[in-house]
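Student: Those protein sequences? They're chains A and B, same order as listed.
Read in order, the letters of the first sequence correspond to residues 7 to 105 in our numbering.
Read in order, the letters of the second sequence correspond to residues 84 to 321 in our numbering.
Since the hints were made in silico from the structure, they are not lab data.
Hints are not guaranteed to be accurate.
[To be verified] Computed list of lysine to any residue pairs in SDA-like fashion (alpha-carbon distance at most 20 Å, straight line):
1. Lys-209/B / Gly-83/A
2. Lys-209/B / Trp-58/A
3. Lys-209/B / Leu-66/A
4. Lys-209/B / Gly-59/A
5. Lys-209/B / Leu-199/B
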Amino acid sequence: MTIAWYLAISAIVFSLGAAGVIVRRNPLVVLLCLELMLNGANLSLIAFSRMWGNGDGQILALVVMTVAACEVCIGLGMIVAIYRRQLPVDVDELRDLQG
Amino acid sequence: MSQLFFFLAGIGAIAGAVGVVVLRDPFFAVLALVGHLLSLALLFLLLRSEFVAAVQVVVYAGAVMVLYVFVVAYVGGRDEGDRVVALGERMRGRGPTGASLRAIAGLLAAALLIELLIALLGTGLKAIDTQGAPYAPGPRTFGTPAYIGQLFLTRFLLVFEVASFLLLIAAVGGVVLARRRHGLEEDTEGRPVLTPLDLPRPAGTGTMVEGVGGGAYAARERRAEQQAPLAGAGRPSS
Chain A
7 MTIAWYLAIS AIVFSLGAAG VIVRRNPLVV LLCLELMLNG ANLSLIAFSR MWGNGDGQIL
67 ALVVMTVAAC EVCIGLGMIV AIYRRQLPVD VDELRDLQG
Chain B
84 MSQLFFFLAG IGAIAGAVGV VVLRDPFFAV LALVGHLLSL ALLFLLLRSE FVAAVQVVVY
144 AGAVMVLYVF VVAYVGGRDE GDRVVALGER MRGRGPTGAS LRAIAGLLAA ALLIELLIAL
204 LGTGLKAIDT QGAPYAPGPR TFGTPAYIGQ LFLTRFLLVF EVASFLLLIA AVGGVVLARR
264 RHGLEEDTEG RPVLTPLDLP RPAGTGTMVE GVGGGAYAAR ERRAEQQAPL AGAGRPSS
């Protein structure tokens, strides 16, 4: 299969994740959709790395995975803290920071 | 053969992504994401990135998704379905309803997809229509653990160290965010009590030592329970 097929899949996965971030209201699912976007970007990085025969893209993909793990750690910690304070776990209700 | 695997993995990846966005129950969304990640690992293998595929399965589909499952089980996946109507009713007086907002979001995502496809596939790069750079199997060739390790410890050493610091900071931040918080001490009528000794930082308002049950506040509480074991039962334990 040519590289273009992989890039098409990565674009589809990225935009599905973006749609999920906009549509869903449960912050857990919003985090899941963020993971989708990161993974779509990762797939295109790996595909370009294969295209050039160069490992830099794979290194960047591994760094993206590290950052995703950190983001999950902080995000889930925030969700647990929200739940402990008995606030609604819903991004439409948590609008106190809205200017 | 590789085409068969490509289409299997590609359809699996897209179906998993659709499942994450569409499924109501967050637990099923997490399961759909696990399937998506496994298909993506297969795509990485087809792109000759063995080490990244292994990391994807072990770290992502293993560790991170277990964390998600634990939090879903703890918070309890609340169904969003019954609130769609409520949101629509709330917004009916002013501006668009929930359904039309959803349609606008879908349009935005479709526009993003078209833009990305134009940007990625419409480039002048001739190499996009090839299978990629020439590849010869071997112990230290492209994508093997030895290759990645050599890159990480020579050219990308700074990146490696920065990533390790980032993980450390995130681990500490996760503990601080999700720790157990005691309130202030309360008197018999339920009002919080501050003594002059508490002024620099009121006891029980959150250090990491107190989070795991140590510190002066917990020691005082234990002492009070030993002195009056029956009177201590009135305090709500959080």
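Student: Run the structure past the numbered hints and jot down the numbers of the failing ones, going up.
Tutor: 1, 3
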